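Please model the complete structure; the sequences and the hints are all you need to start from.
Top to bottom, those sequences are chains A and B.
Counting along the first sequence from 1, when you hit position 191 you're at 191 in the numbering used here, and nothing is skipped either side.
Counting along the second sequence from 1, when you hit position 386 you're at 386 in the numbering used here, and nothing is skipped either side.
Please keep in mind that the hints were generated in silico from the structure rather than gathered at the bench.
Worth double-checking, as some hints may not be accurate.
If you want the footprint, here are the derived chain B segments under chain A, 3+ residues with CB under 8 Å [said to hold, decoys possible]:
{"no.": "1", "stretch": "139-146"}
{"no.": "2", "stretch": "149-159"}
Counterexamples of contact, computed for chain B against chain A with all Cβ distances above 10 Å [as the list claims (entries may be wrong)]:
{"no.": "3", "residue": "VAL48"}
{"no.": "4", "residue": "LEU97"}
{"no.": "5", "residue": "ARG196"}
{"no.": "6", "residue": "GLY231"}
{"no.": "7", "residue": "PHE238"}
{"no.": "8", "residue": "ALA308"}
{"no.": "9", "residue": "LEU433"}
{"no.": "10", "residue": "LEU457"}
{"no.": "11", "residue": "GLY496"}
Label-pair restraints from in silico Cβ distances [claimed, not checked]:
{"no.": "12", "chain 1": "B", "residue 1": "SER415", "chain 2": "A", "residue 2": "SER138", "range": "22 to 28 Å"}
{"no.": "13", "chain 1": "A", "residue 1": "SER138", "chain 2": "B", "residue 2": "ALA8", "range": "38 to 44 Å"}
{"no.": "14", "chain 1": "A", "residue 1": "PRO222", "chain 2": "B", "residue 2": "LEU267", "range": "54 to 60 Å"}
{"no.": "15", "chain 1": "A", "residue 1": "GLY70", "chain 2": "B", "residue 2": "LEU492", "range": "52 to 58 Å"}
{"no.": "16", "chain 1": "A", "residue 1": "PRO237", "chain 2": "B", "residue 2": "HIS416", "range": "37 to 43 Å"}
{"no.": "17", "chain 1": "A", "residue 1": "ASP168", "chain 2": "B", "residue 2": "LEU239", "range": "31 to 37 Å"}
{"no.": "18", "chain 1": "A", "residue 1": "SER138", "chain 2": "B", "residue 2": "LEU267", "range": "47 to 53 Å"}
{"no.": "19", "chain 1": "A", "residue 1": "THR132", "chain 2": "B", "residue 2": "ALA333", "range": "55 to 61 Å"}
{"no.": "20", "chain 1": "A", "residue 1": "ALA136", "chain 2": "B", "residue 2": "SER142", "range": "22 to 28 Å"}
{"no.": "21", "chain 1": "B", "residue 1": "HIS426", "chain 2": "A", "residue 2": "GLY165", "range": "50 to 56 Å"}
{"no.": "22", "chain 1": "A", "residue 1": "SER138", "chain 2": "B", "residue 2": "LEU488", "range": "52 to 58 Å"}
{"no.": "23", "chain 1": "A", "residue 1": "SER138", "chain 2": "B", "residue 2": "HIS416", "range": "27 to 33 Å"}
{"no.": "24", "chain 1": "B", "residue 1": "TRP80", "chain 2": "A", "residue 2": "ALA238", "range": "29 to 35 Å"}
{"no.": "25", "chain 1": "B", "residue 1": "LEU492", "chain 2": "A", "residue 2": "ASP19", "range": "30 to 36 Å"}
No experiment lies behind these values; they were computed from the predicted model shown.
Glycine residues also receive a C-beta, built at the ideal position from the N, C-alpha and C atoms.
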Amino acid sequence: MPDSASLSITCAGLTKIHDNGVAAVDALDLRFEAGRTTALIGPSGCGKSTLLRLVAGLDRPTTGTVGIAGLPPVQQARRGVISMAFQDPSLLPWLTLRKNVALARKLARQPADPRLVDELIALVGLEGFQETRPAALSGGMRQRAAIARALATRPQVLLLDEPFGAVDELTRRQLARDLPPLWQPLGTTTLLVTHSVDEAVLLADRIVVLSPRPARVVADLPVPLPHPRLPQLTETPAFRRIAARALQALAQGVGDNPALAAQ
Amino acid sequence: MTALARRAGPVLLLLLLWQLAATATGGQFLLAGPAEVAAWLSDNPGLVGRALSVTLASAAWGFLAGNLAAILLVAAAMLWPPVLGLLTGLALIVFCLPLIATGPILRVMMGPGDGPQVVLAALAVYYTTLIPLLAGLRAVPSAWIDLVACLGRGHLAQLVHVRARAALPYLVAGMQIAAPAAFLGAMVGEFTGAERGMGVLTVRFIRDLNTAALWSLASIAALVSIAVYLGVGAAGRFLRLERPPVILAPPRLPQGSAGRRLGRAVLLAGATLVLWWGGMEALGLNPFFAKRPPDLFAALFLAPDAGATWQALLQAAAQTAVFVLPGYLAGLALGTGLAVALSLVPALSGLVTPLAIALRSVPVVTTAPLVVLLLGQGALGTIALVALMVFFPTFVACQHGLQQAPGQILDILRSHGAGRVPQMRHVRLPAMLPAFFASARMGVPAAILAVTVVEWLATGRGLGNLMTLSASLSDYTMLWLTVVLVTLASVLCHGGVAWIERRVLRLYAPEQVEG
Chain A
1 MPDSASLSIT CAGLTKIHDN GVAAVDALDL RFEAGRTTAL IGPSGCGKST LLRLVAGLDR
61 PTTGTVGIAG LPPVQQARRG VISMAFQDPS LLPWLTLRKN VALARKLARQ PADPRLVDEL
121 IALVGLEGFQ ETRPAALSGG MRQRAAIARA LATRPQVLLL DEPFGAVDEL TRRQLARDLP
181 PLWQPLGTTT LLVTHSVDEA VLLADRIVVL SPRPARVVAD LPVPLPHPRL PQLTETPAFR
241 RIAARALQAL AQGVGDNPAL AAQ
Chain B
1 MTALARRAGP VLLLLLLWQL AATATGGQFL LAGPAEVAAW LSDNPGLVGR ALSVTLASAA
61 WGFLAGNLAA ILLVAAAMLW PPVLGLLTGL ALIVFCLPLI ATGPILRVMM GPGDGPQVVL
121 AALAVYYTTL IPLLAGLRAV PSAWIDLVAC LGRGHLAQLV HVRARAALPY LVAGMQIAAP
181 AAFLGAMVGE FTGAERGMGV LTVRFIRDLN TAALWSLASI AALVSIAVYL GVGAAGRFLR
241 LERPPVILAP PRLPQGSAGR RLGRAVLLAG ATLVLWWGGM EALGLNPFFA KRPPDLFAAL
301 FLAPDAGATW QALLQAAAQT AVFVLPGYLA GLALGTGLAV ALSLVPALSG LVTPLAIALR
361 SVPVVTTAPL VVLLLGQGAL GTIALVALMV FFPTFVACQH GLQQAPGQIL DILRSHGAGR
421 VPQMRHVRLP AMLPAFFASA RMGVPAAILA VTVVEWLATG RGLGNLMTLS ASLSDYTMLW
481 LTVVLVTLAS VLCHGGVAWI ERRVLRLYAP EQVEG
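Written as structure tokens, this is what we have:
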């Protein structure tokens, strides 16, 4: 069973140049420790999502490699150990919420587990909406459903691409408290792409701050705060100190770029 | 109750106008009104009933076969994407085959039974299913495909879990267009010398100049078509399927350099020749009526009477072109114009739209004898029929397209105090363009079908007449030459419209042409 072993992710000399000639990621060397949660923050369009897609095996690098426990992402994907939640919830409109969540297990060729599916739906606060179709849910509710779907396969590699964009602030903080305990016992290696510094500090063990495109590492900050991280944690000096350093690094990354600094 | 009245109102109005027109022109034996039709039908219920059941059976088999073929072809293309371009190209060529010529050829090959009717019905429907189905399978957000991919699954899982269900509304929309077309195909098949059926009766009553009978048959054909059109639509609503935004999405294939496009065209032409020649050899078809490519080449370039052959072909083509072009353009202009006018004066639309939707499903070709009877054998009758054939699909498509205008952008214009006309110019017309071009493209083979049917049944001119003449004289070389000529012209005109379409849509609706 893939549940036991944790998988580390290694990017070596990772470069992605899109068809239109734009370099999204340029010679990136990064290692994500097994079982840890890393937040990737950076300005809009800096290549964070591209990095995630490369790790998921959805795009092929132009040069360089991604290894998940030493294997290419596509091979790991075939084992059903990767799960991803997208910016767009992309639920299938003809399936009920429950079936949408259960679909991930079916696609990953895992046995049906109705109890887990219902548990996850309750955990993201959608109890009572199991038989509802996506069109009848609000944007935030759909995003939470997409997170439940991403967790339904008990993934060892969890890739979250701005999954809380449409979720309201209170729910977002509650999810930040409830979600990490869910994947931590599985030893899941999680990458979280986000715009929100607070969200990064709340959820992650480590924050990687990226520069504007092409993405380079500006700062690599540990987040030594204990779990579970309750919403009031955001008011503590320790939290604010880390958030301030991340923000500073973000600004510095932008400042390093002569094109943006001139503006 | 009021809903029923709203639906029945336009129908009653149409019946009234029809009766008035019939009464007004009563002395000329051209137009039979609803009263005469009802009388004739009540006198001949057995005759019509038997003919209808025969035609319906052929149409149903053809509908089934055509749709099944379309679904299988599309599924194959989804599992192995590189063949998609070749497949849609071949499908278009088969769609552009002139039914009037393939009918007699099938008749010789398959004998007097139901074979040709079923094949022609299948040919009439498969393309209108294939194209929406392809559009539906492509109308899948890329994130859904990513979802399948990141869970480690490939094309088959994509097809089973995502694309198939996403394409279902498009399939039903395509079948809705296809259902009346199947009936039309079966009737055209019967024109070519079947023993029983609505088409056989139509040909018989044209010879007798029996106006009441002809109007009765056309009315029955119209009613059946409207019924199957509404029936498929109701099935879609019963399944709670959403209506797709654009049904006949434009072809996206010809991209890349000019050289690559030329290469693809050559590949398509080569594949067509191989299938044509190879298919005939494989089936061991008699070379007397199953002409191979070298036979036609010889007739055009080597035979002593090659000059006469060229002259006959070009003369007929010129006669046909004179009618088909004005009719096609008039149909497009009228359909678009009426849709725009109704959008600007919405009060009228409640009256006209139900009628237009009902009449769109009428197989115009089966009313060809009547239109020519009414408007005479001159240019007007033929041009009117071609225009009518193009008008209804264009009108309905454009109306649907006008409604696709994004509400938020309209709200912004309204907030600036812009009236209906600026809204039309800046938002609604651009939103209508994909639907307009789709109908312009699909209208090409339809216009050619209409004109050849009129030439064959009524006016005795042009390519339609040359086809029937060649068929009756067993001049199969000439018959195949007309098939090639008409198909080539259809495909090229279709390609020309698609070329303009891509250039215009790249500006106004890039999401339709790229990706």
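Hint check results:
Note: the stretch 139-146 of chain B has 4 residues with beta-carbon separation from chain A under 8 Å; the three-residue rule is met and the coverage holds. Counting residues of the stretch 149-159 of chain B whose beta-carbon sits less than 8 Å from any beta-carbon of chain A gives 6, enough to reach three: the coverage restraint holds. With a closest Cβ-Cβ approach of about 42 Å to chain A, VAL48/B is found to remain outside the 10 Å limit, as its non-interface label requires. The claim that LEU97/B is not at the interface with chain A holds, since no C-beta of that chain comes within 10 Å of its own (minimum 37 Å).
Every C-beta of chain A lies more than 10 Å from that of ARG196/B, the closest at about 44 Å, which supports listing it as non-interface. Every CB of chain A lies more than 10 Å from the CB of GLY231/B, the least distance being 23 Å, so the non-interface label holds. For PHE238/B, the shortest C-beta to C-beta distance to chain A comes to about 15 Å, beyond the 10 Å cut-off, and the non-interface label holds. Distance check for ALA308/B against chain A: the nearest CB is about 55 Å away, which clears 10 Å, and the non-interface claim stands.
Consistency note on LEU433/B: stated as away from chain A, and its beta-carbon is indeed over 10 Å from all of that chain's, at 26 Å minimum. With 10 Å as the threshold on Cβ separation, the claim that LEU457/B sits away from chain A holds: the shortest Cβ distance comes to roughly 46 Å. Every CB of chain A lies more than 10 Å from the CB of GLY496/B, the least distance being 29 Å, so the non-interface label holds. For SER415/B paired with SER138/A, a C-beta distance near 25 Å keeps the hint of 22 to 28 Å intact.
For SER138/A paired with ALA8/B, a C-beta distance near 42 Å keeps the hint of 38 to 44 Å intact. A C-beta distance of roughly 59 Å is found between PRO222/A and LEU267/B, which places it inside the suggested range of 54 to 60 Å. Checking the proposed 52 to 58 Å range against GLY70/A and LEU492/B shows it holds: the Cβ atoms sit about 56 Å from each other. For PRO237/A paired with HIS416/B, a C-beta distance near 51 Å fails the hint of 37 to 43 Å.
Between ASP168/A and LEU239/B, the C-beta spacing of about 35 Å keeps the proposed range 31 to 37 Å intact. Judged by the Cβ atoms, the range 47 to 53 Å given for SER138/A and LEU267/B holds: they are separated by roughly 50 Å. The hint said 55 to 61 Å for the Cβ distance between THR132/A and ALA333/B, and at roughly 47 Å that hint is violated. In this structure, ALA136/A and SER142/B meet the distance hint of 22 to 28 Å, their C-beta atoms being roughly 24 Å apart.
Checking the proposed 50 to 56 Å range against HIS426/B and GLY165/A shows it is violated: the Cβ atoms sit about 31 Å from each other. Roughly 55 Å separates the CB atoms of SER138/A and LEU488/B, a value that falls within the hinted 52 to 58 Å. Taken as a hint, the range 27 to 33 Å holds for the pair SER138/A and HIS416/B, whose Cβ atoms sit roughly 30 Å apart. The hinted window of 29 to 35 Å between TRP80/B and ALA238/A is violated, with their beta carbons roughly 57 Å apart.
A beta carbon spacing of about 32 Å between LEU492/B and ASP19/A agrees with the range 30 to 36 Å that was offered as a hint.
In summary, the numbered hints that this structure violates are 16, 19, 21, 24.
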